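Given chain A, put chains B and C in place with the hints provided.
Residue numbers (this note's numbering), protein chains in the order written: chain A, 1 to 270; chain B, 1 to 253; chain C, 1 to 338.
Everything labelled a hint here was simulated from the structure, so no lab data went into it.
Fair warning: this is a prediction, and the values are worked out from it, not measured in the lab.
Don't be surprised by glycine CBs; every beta carbon is placed ideally from N, CA and C.
Just so you have them, the derived chain A footprint on chain C, three or more residues with Cβ under 8 Å:
| hint | segment |
| --- | --- |
| 1 | 137-145 |
| 2 | 151-165 |
| 3 | 272-284 |
| 4 | 309-318 |
Chain residues, written in single-letter form:
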Amino acid sequence: MTRSGFLGAVIVGGLVLVAILAPWLAPYPSHAGAFVDVDLAYHPPNADHLLGTDGVGRDLLSRLLFAYRTSFLLACVVLLLAVPIGVTTGLAAGYLGGWLETVILRTTDIFLAVPSLVLAMAILGLFDPSLTMAMVAVSFAWWPWYTRLVYNVTRSIRTEGYVEAAETAGAGPLRTMFGEILPNARGPILTKMTLDAGFVILMGAGLSFLGLGAEPPTPDLGTMVAAGTPLLPDVWWPTVFSSLGIVIAVLGFNLLGDGIRDLFGADESC
Amino acid sequence: MLNVAGLEVVIRRRGTTARVVRGLDLSVGAGQRVALVGESGSGKSMTARAIMGLLPPTASATGHVRFDGTDLFEAGWAGLRGSRMTMVFQDPMSALNPVFRVEDQLRAIARSRERSRLAALLESVAIRDPERVLRSYPFQLSGGMAQRVLLAAALVNEPELIVADEPATALDAEIQQLSLELLARRARDEGTAVLLITHHLGLVRAFAEQVYVMREGEIVERGPTRQILRAPSHEYTRSLLASVPRLSGAADG
Amino acid sequence: MINRLVRRVIGGVFVVAGVSVLIFVLARVVPGDPARLALGPAASPEQVEALRERLGLDEPVTVQYARYARQALTGDFGISLYTGRAVSADIRNTFPATLELVLFAMVFVGGCGVLFGVASGMRRNTWLDHGLRLLSVIAVTTPTFVWAVAFMLVFGFWLELFPIAGRLSEWLLPPERVTGLYVTDALLAGQWRHAADALHHLVLPAVALSLPALGQTARIMRASMVDVAARPYIEFARAYAVPEGRVAFQYALRPASIPVLTILGLELVALMGNAFLVEKVFAWPGLARYGVDTILYKDLNGMMATVLVMTLLFVAVNAVVDAVTVFVDPRIRYRRDS
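Just chain A, same shape as in the assembly:
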């Protein structure tokens, strides 16, 4: 793997570890919840609170560590929902063809014409915003990308020897789609999933920045940026550190995704 890909793996691995171990790593685990101590409000970074404290006196480092749990949970759930839907529809459209292909592709056209962020926002606005709802909303906006990706891969390999060999050997459509074609699409899918984990985190942060994501007191990167913004420039630490928190996570997934792409020798299209 390339050096930058390795760096991405280290960042992602480190952050996942941090998220899992947050209850033990965080200096003030109770601050992840609805803890309030007005005497501690807006303390700049110091020895007790390495990244300072927020408006109700909670330790920002502790909240940042727990916020990664929120972000990774969002990324995992969204990909777990969106990828299977996208893969199945993409395979069906690309392999079975016919009217199914037309219906599926035209549907993705419609979804892709609306910004994912706006679609997710609209859904969240209609329901009451919460982390669970955000997961559903983002997945709803995200699956067509995988449909398109898997469709393109399927179209390019469906006439290749091993696919036709499997068909001749009597493999049914399901067997051919999931047993022969899908394994050959794993490089692009894995690359896109890695890159997307970062972009889902980015979108989740955008949603909660607008107040449409995780509800308080759940620690969340976007909410933390939003909470800090009105206090700029005097109280800079909540905004700066939570922004950096997002950037590092997204950067990590991006570098790792590029590395995986090189590993599979795929092109820039995914």
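Just chains B and C now, with coordinates in the frame of chain A:
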């Protein structure tokens, strides 16, 4: 016209270096048809590129390549390459830019920009409707037609030396033969020196007066084509000959 | 050619109609009672019932959609529950601001993105390439709202180089409306000071908005240039002594720009999504900020119209991009079908 002496080409790749051409001597006189033959990986293509100054960035060459007495490794190729010495590329479909018309691509390299001259040139390479071909984009041409355009590109500035690197290998035998006939006519009529790079002894028999047999970066055998092909002295040449079916309808030479 | 044009128009109409159905279904079917949503939990059942009747919510969904579509086609999107005005008037007031912002950002994306990508691809593995690639990755991975906040802080508060809110300084009156874009309108009216001021206000939000797409464009342009540089036709051009400048900016750039053109439409979609964040941060009185507010206030009419107008803009820009692609890539022009 062309004189190569002690040519060495090394390729650096991941810290290691490979000597792909080792002390090669070769010469092509005006009006002469010479073939450099060898299997893929023998270093014949790198030799062609070294002569044309088109080595990839990872490769470097030492020795002497003299064109009309000028040492090209010292003086460079400016004013020579593309006009007095030209190259016929291997694959006609990838050598032409897909988004520009043939006419624009020929004009960009031709010293004379007159359309009538370009049309006449295309006619001379057996293109029946030159006006249509000039207006076309490369993807609108057949492989054979594109190969003729490449030949025309090589001839447009009336060069003194043409290096043909496996011309039309991807295409059928007929267009290969046509290309070589056109080059041979050029050599006979205009006194152009032609160096053919190929792995195909059948083409060599039909085309070249002189042949150099190359293996693993070195010339293992050289001499008049008839003599070499009738009585090869080197084991490698014999094995090459054994693997090639005789080509019927060979031209003179 | 004509076929392609016709297909494109039909496709565009289909997408807009599809989006309208999608949004309508989301708004009317999924969340339950829009009247209750709009009025909030404090409203009395009578008030809710009255609004239901006024909005025609008791009729079947298909009838509701047919009426909505018919009215939308005449430019009537209903009354905004958020502003209390006609949605069409709100859109007329807010859309030009967003259009100006998005167009400006797209100019940055197209100009700088392509330039950086070409520079990077032509000077591969030099410090310039490494630097530009690093910047591209950072541009892509940093959230738009973080760019917006950072620009505001650095260039607005600390360096005081640029204004941080609105489209025009308070002491200036907006130029007479022709296009609705302040810069062009001011130029048309010969108000140089107004044009400069509007431009000055545009810089920070437009650059913040453009950065992710700009980084993405630079990356794809670079990859494409690297790919094209290895093609035999580039070597062919060099072998025939075509001048280097012409090789780079004609022989390489034109085929290399095709992949960038094909993703431009999708980049625009993402950019419009990000406009929702940027306009919020910079208090930009545009359609995207209106959209955010309508969503936050559960104003269905305003929300649906916002999404529809943005989809129309997307379809229009895609048509332009398509025309440019056809011009750049003759292979499309001469393809008979598909």
